[in-house]
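What follows is the residue order along each chain.
Protein chains: 2
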Amino acid sequence: MQITRATDYAVRVMIHLAGLPTGTSLRQSELSKATDVSGHFLSKVLQQLVRSRLIRSQRGTGGGYTLAVSATTVSLLDVVEAMEGPIRLNQCLEEGPSCDRKSWCPAHQVWAEAQLAVAQVLGGAAIAKLAAQAGTVSPAQYRRHDEPIWISGIPRKGRGKRIHRSHSP
Amino acid sequence: MQITRATDYAVRVMIHLAGLPTGTSLRQSELSKATDVSGHFLSKVLQQLVRSRLIRSQRGTGGGYTLAVSATTVSLLDVVEAMEGPIRLNQCLEEGPSCDRKSWCPAHQVWAEAQLAVAQVLGGAAIAKLAAQAGTVSPAQYRRHDEPIWISGIPRKGRGKRIHRSHSP
DNA sequence: GTTCAACTAGACCAAAAAGGTCCAATTTGG
DNA sequence: CCAAATTGGACCTTTTTGGTCTAGTTGAAC
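Line by line, the protein sequences are chains A and B. First residue of the first sequence: 1, per this note's numbering; consecutive thereafter. First residue of the second sequence: 1, per this note's numbering; consecutive thereafter.
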């Protein structure tokens, strides 16, 4: 009964992105450094987040990853479920007729309660709130005011227009 | 984030035993039928419960398994932890310095809260209470009045000397 | 239109956990 | 003291996890 490493890393990514100015795009290498996760492994995590529509990716020169959702509305629960699917504390909590003891088993109700409890705690933790806390406790980790964060993806011309992304499929 | 099958089976065993008269001993084959678990696999579950001191076992003819604790004081949480060890919703919730982000990571607090929530729900569910519920809902599943259940495990001398543990290091 | 930085997709791998089977060790009843 | 009844524990297979690596695709800029 433990979240996977990948899920933990996904949360780090989301919080980190939420702590930056809206629309900021970061490369994998930058996220790797910020989250203390090996770039190779992180790419798998990022791919999953993209598939779940929590972040967007931009290929090519000057590309990177951007938050695709409002950090104030997306919660830890959303990130966890994006990575692992719906939370199921026990197999018998599946939708269908997964367990024929379900109807009378007294434990079933308790599993359901416990699952609800954890879902409520995680669902109540908005990413934006966490990002704000992180900013308070250790600003240096999230904000660098001595130099603009987006500088590192810009070729020598140095025109920072990458923040806006008009991705229309 | 799901309990294992073995844990689920262990809970079934504990509830079933708690629904019987105190001190009743059941053989593996009987427990297997009552819990809908293959006898071979159940033996592993029972072994773990014995090692965790939640039940006692008696070998040889007329042997079987008995509750070793008060069903009113032992909870679902105890059973879960007996099978899986302490609940850890995330790796960073270990005791020691497991994660150097711990001090400032804003997610850490939420994981801890969620873990506490589930522990409280499970800890509040006493096995005896669940057994009583089960007895109410489906008595036939747990009680057979046509034949005394305890017949198979009561030694003549009848004293609790059967906890022979030859554990010489 | 070529180049090259960046993401994408997937194969691949080792280790651990989960789930399950089987036989050996032990105890008791007779 | 032997044989039957039971548990105890070794063993095996499959799936998941965590991680690495390489080849390929995309797209912005020159």
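It is worth saying that the hints were derived from the structure and are not from the lab. Do not take every clue at face value.
Below, in silico cross-link-like pairs of lysine-lysine (DSS-like), each with a Cα-Cα straight-line distance of 25 Å or less [to be verified]:
id	chain 1	residue 1	chain 2	residue 2
1	B	129	B	33
2	A	33	A	44
3	B	33	A	102
4	A	33	A	129
5	A	44	B	129
6	B	44	B	33
7	B	44	A	102
8	B	102	A	129
9	A	102	B	129
10	A	33	B	33
Item to check | Violations among the numbered hints, reported as their numbers in ascending order | outcome: Going through the list in order, the structure violates hints 5 and 10 and respects the others.
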